[in-house]
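The chain contents come next:
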Amino acid sequence: MTKSPRDAMKNSRRMVRRGLLLGGIQLGVVMTLGLRLHGMQIKHADEYRMLSDGNSIKIRLLPPARGLIHDRKGVLIAGNEQNYRVTLTREEAGGDVESVLRRLSKLIPMSEARMEELLKEFSKERAITPIVLADRLTWEEFSSIAVNAPALPGVTPESGLSRYYPRSYDLAHVLGYVSRVSDYDLSRIENPEPVLMLPEFQIGKLGVEAKMEDVLRGTAGQRRVEVNNSGREMRELSRKEGQQGGTLQLTIDAGLQNYAEQRLGTESAAAVVIDVQTGELLCLCSSPSFDPNKFVRGISSKDYTSLLEHNHRPLADKTVQGVYPPGSTFKLATLLAGLEAGVINGGSRFFCPGYLEVGGRRFHCWRRGGHGQMDAIQSLEHSCDVYYYELAQRVGIDRIAEMARKLGVGVRHELPLSAIAQGIAPDRAWKREKYDQEWQIGDSLNASIGQGFVLASPLQLAVMTARVATGKLIEPRLIRAIDGVPQLHEELPDLGVDPRNLKLVQAGMDAVMNSARGTARSARIVAEEWRMAGKTGTSQVRNITAAERARGVVSNEQLPWERRDHALFVCFAPYEAPRYAVSVVVEHGGGGSAVAAPIARDILLFTLAGGLPPLTAVPEAQRGEMEARHNAMKLYSPQPPKQGRSQA
Amino acid sequence: MAYLDYQVAQIPTGWRKILYLNWPLVFLIFAVACYGFVMLYSVAGGDFETWAEPQIYRFIVGMILMIGLAFVPMWFWRGVSVFAYVLCLVLLAAVELIGDIGMGAQRWIDIGPIQFQPSELMKIALVLLLAAYYDWLDARKVSHPFWVLVPVLLILTPTGFVMMQPDLGTSLMLITGGAIVMFAAGVSLWYFAGVILLIAALVTAVMESRDTEWQLLKDYQYRRIDTFLDPSVDPLGDGYNITQAQIALGSGGWSGRGFMQGTQSRLNFLPEKHTDFIFTVLAEEFGFVGAISLLVLYSLIIGFCLFSAITNRDRFGSLLTIGVAGTFFVYFAINMGMVTGILPVVGSPLPLVSYGGTAMMILLMGFGMMQAAHVHRPR
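Heads up: the sequence lines are chains A and B, in that order. Our numbering numbers the first residue of the first sequence as 4 and each following residue consecutively. Our numbering numbers the first residue of the second sequence as 30 and each following residue consecutively.
It is worth saying that the hints were derived from the structure and are not from the lab. Note that this is a predicted model, so its numbers are computed, not measured. Where is the CB? At the ideal position from N, CA and C, for every residue including glycine. Among the clues, some could well be false.
What the hints assert, rightly or not - Partial selection, computed: residues in chain A whose CB lies under 8 Å from chain B:
1. MET18
2. LEU36
3. GLY37
4. LEU40
5. MET43
6. GLN44
7. SER55
8. LEU199
9. GLN543
10. VAL544
11. MET629
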């Protein structure tokens, strides 16, 4: 087909037109692309740059070293130790985790069961997640793994810090322990710090470790690392070390604590030593104890179950959590209430025939035959119950309860410890609220001798004794210094009790120990400069049934352990210039004078002497026994533990 | 035959033809390919052998092929156009039967050592055939409905096969490439207006048909549409690629992060970074300057082609040139539109830059024919 030149011209003109039009359209598209590029790369570059950095640069936290805890003398009681461990990353193991594990098992002990457990874990986790194969390796094991690293692809020897309690059992209840952060912990914390999400990170779970967490934790450091999209680190860009947590100094004397721990022995018992001038707690000892290091390392369920099921409740801190009917030790409060109310004075006497009949019910004195005429001092000396029955009827429960609270019983003392019990100083309003019942006169009589509704913790008993000893409003304190800054206490206010009445009660306590017929005479201190005043207590944990009464009094030894009486004792010394007060509760220990008093005396003596007391401080007959006891004890040396084991 | 109208004496012959090549275009193509070599070296993490080296070999072969094709007289191309088209159509059909599975779509044909995608070949064959068709057709009849229907069928038949594979990107390119030739040939603008309206209606139909029995596209294609409309819906799933690509692109800024310094590509955040998403690597490492300069190079290639086409008085050569240039244009426009988020992710390489043999060979063959048209143009 031929075309005329005219057609060709026309065609070619149209072609040019269309070509240009097409070029125009294409130029438009190119412009659009160019503008889009301009918009993204110039206008919004910053946003994309930020997203990009977020993609590839990750902040990895460096866990801070936890703050150290010292006792009042500077002995380290909670430190950090190097923890050598090995981890394995599946991705780097070249897929054959099992053969790597087998080779590793020649270097460090690893059971078949453990290996299977690990293999299961590896199959669950992502390939890039490092999994801890073994923890707390010795330096030898650790270095042998490091040397053999080429044969162990993916195995990384790591070292980190972990918490270590050099005094293990001694301070378990005071210090508590640290352990991995649980989901429950996280759920309780508002805006949890990111460092808490680290799998190996540990926080305080109990005691001072838990309550002083904010001071001890420190500030996490940061590592900026470049990661690829599967999360693997490519390189470290920068590193900022964290800040170690603050150093705590407790008021506790680790040496005394160690002594008390051993003195309490296998009893289910608690002992508290308080400085009556400052309120500093020198000893908070709860027995039996446990090894907090086990919790740090991850306690086995077997060990944990045996702790839980032990009938002496080793996990409970009996010094502040345990509440007991204070028994006769509460008579200090009742007597002081009576004296302060003015219903009696030092010379007022009541007659004790061995019981008191009130409202058709007979209330017995512990001494069946009765004490005869009793004045205030004698009532303490002999611990006559009837005197207090009489007194309670005159002074009334509300004033007794008020005095108890004034002395620190039934009041929650704020300390950095877990589950501090409030105890109970019962009065009419309390019973109405609690039981919706009216207060009975019998309740008053029971309360007056520390039975019935009254409940006090060993800490409260120690505080009560300290307040009686000084007439000051002693508040217990556990933290001596934070980061070297002393936690000063303001001038202690006066208790607001007539010093003459106080003197009377103190004289009664002195008589308990030092008069010829004092209930705790056998536990006295004969060294005059440490002359001691105290009060025994024996509290029933059961009601004596009519049947038992008919059969006659059953002795404690014949009862099963958990139904025996609690033995209590409170004391302070020196009598003339009080320095320390001690309270001891021995659960189901029997009589206060026979069981609790000697323990309290020994602990008090150790405190006063600043170490093992001279045997001459106790009555001659007991010196041989005391020496034998001293020899049997394995006390920590007062020097700080050897260097190198723990570090900052 | 128009070819006989030429004043044969003025047509260069023998080796002299090499002097009459469109040399600026050759250099532009070479420059663009160099962008590719540099970027492939970079995305391989500084490794020359992984991608850059094979790419260079292919490019050398492709350039030789292009120059070789430029020596072939125009009448030959016009003569083989029908045969080439039919052959490609047969191959496309064969892909349905013996095609290998690649990336979730059947696209490859495997003949011994050579693997290739007939759909790629079809892009050139279609342009060739349409150029020959309009050269043959009386220019006064181009807008006649019947003579419009013929090329439309010629376009839609292979497109149908490609759709079945399914390969949305190539289908779009076949249609737009063909449409560009028709447009240049002078088909009435009303047809185009009509088609645009029809497409609008079709898009509506496609979107409306979703989740019904009549669903017109595959689920993954719908997801791509969703992702395109709002990549943030699923930044770790379907939207991941495009989100990461845009982050890489945007974070380049004015001058980029520097050669081999792109964190996105370096750290594997970018998908298919050596093929479809290579532009984002360029944009990340060389910034706006690098990206826009490549766009300018592409535009210059288009410009030189259009100039060659407009000045070529041979209708076949002129239409072929526009067709090749149009296909090339659609290639980079779709790719850039895709990575910048203007278009949905349809899976199309950046021409001459992305790693991959077939697309580069086909394009260089196309440019070879276009060069032939340039060399043998009537003077």
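Against the structure, the hints come out as follows:
Because the closest C-beta pair between A:MET18 and chain B is about 6 Å apart, less than 8 Å, the hint holds. Of the supplied interface hints, the one on A:LEU36 holds, with its beta-carbon coming within about 5 Å of a beta-carbon of chain B, less than 8 Å. A hinted interface residue such as A:GLY37 counts as satisfied when its beta carbon comes closer than 8 Å to some beta carbon of chain B; here the least separation is about 6 Å, so the hint holds. Because the beta carbon of A:LEU40 sits about 5 Å from the nearest beta carbon in chain B, less than 8 Å, this interface hint is met.
This hint holds: A:MET43 has a C-beta 4 Å from the nearest C-beta of chain B, less than the 8 Å allowed. The interface hint given for A:GLN44 is met, as the beta carbon of that residue sits about 4 Å from the closest beta carbon of chain B, less than 8 Å. The beta carbon of A:SER55 comes within 4 Å of a beta carbon in chain B, closer than 8 Å, and the hint placing it at the interface holds. The restraint placing A:LEU199 at the interface with chain B is violated, with a minimum CB-CB distance near 25 Å, outside the 8 Å limit.
About 68 Å separates the beta-carbon of A:GLN543 from the nearest beta-carbon of chain B, more than 8 Å, and the hint is not met. The interface hint given for A:VAL544 is broken, as the beta carbon of that residue sits about 63 Å from the closest beta carbon of chain B, more than 8 Å. Below 8 Å, beta-carbon pairs count as interface contacts, and A:MET629 has none with chain B, the closest being about 73 Å; its hint is therefore violated.
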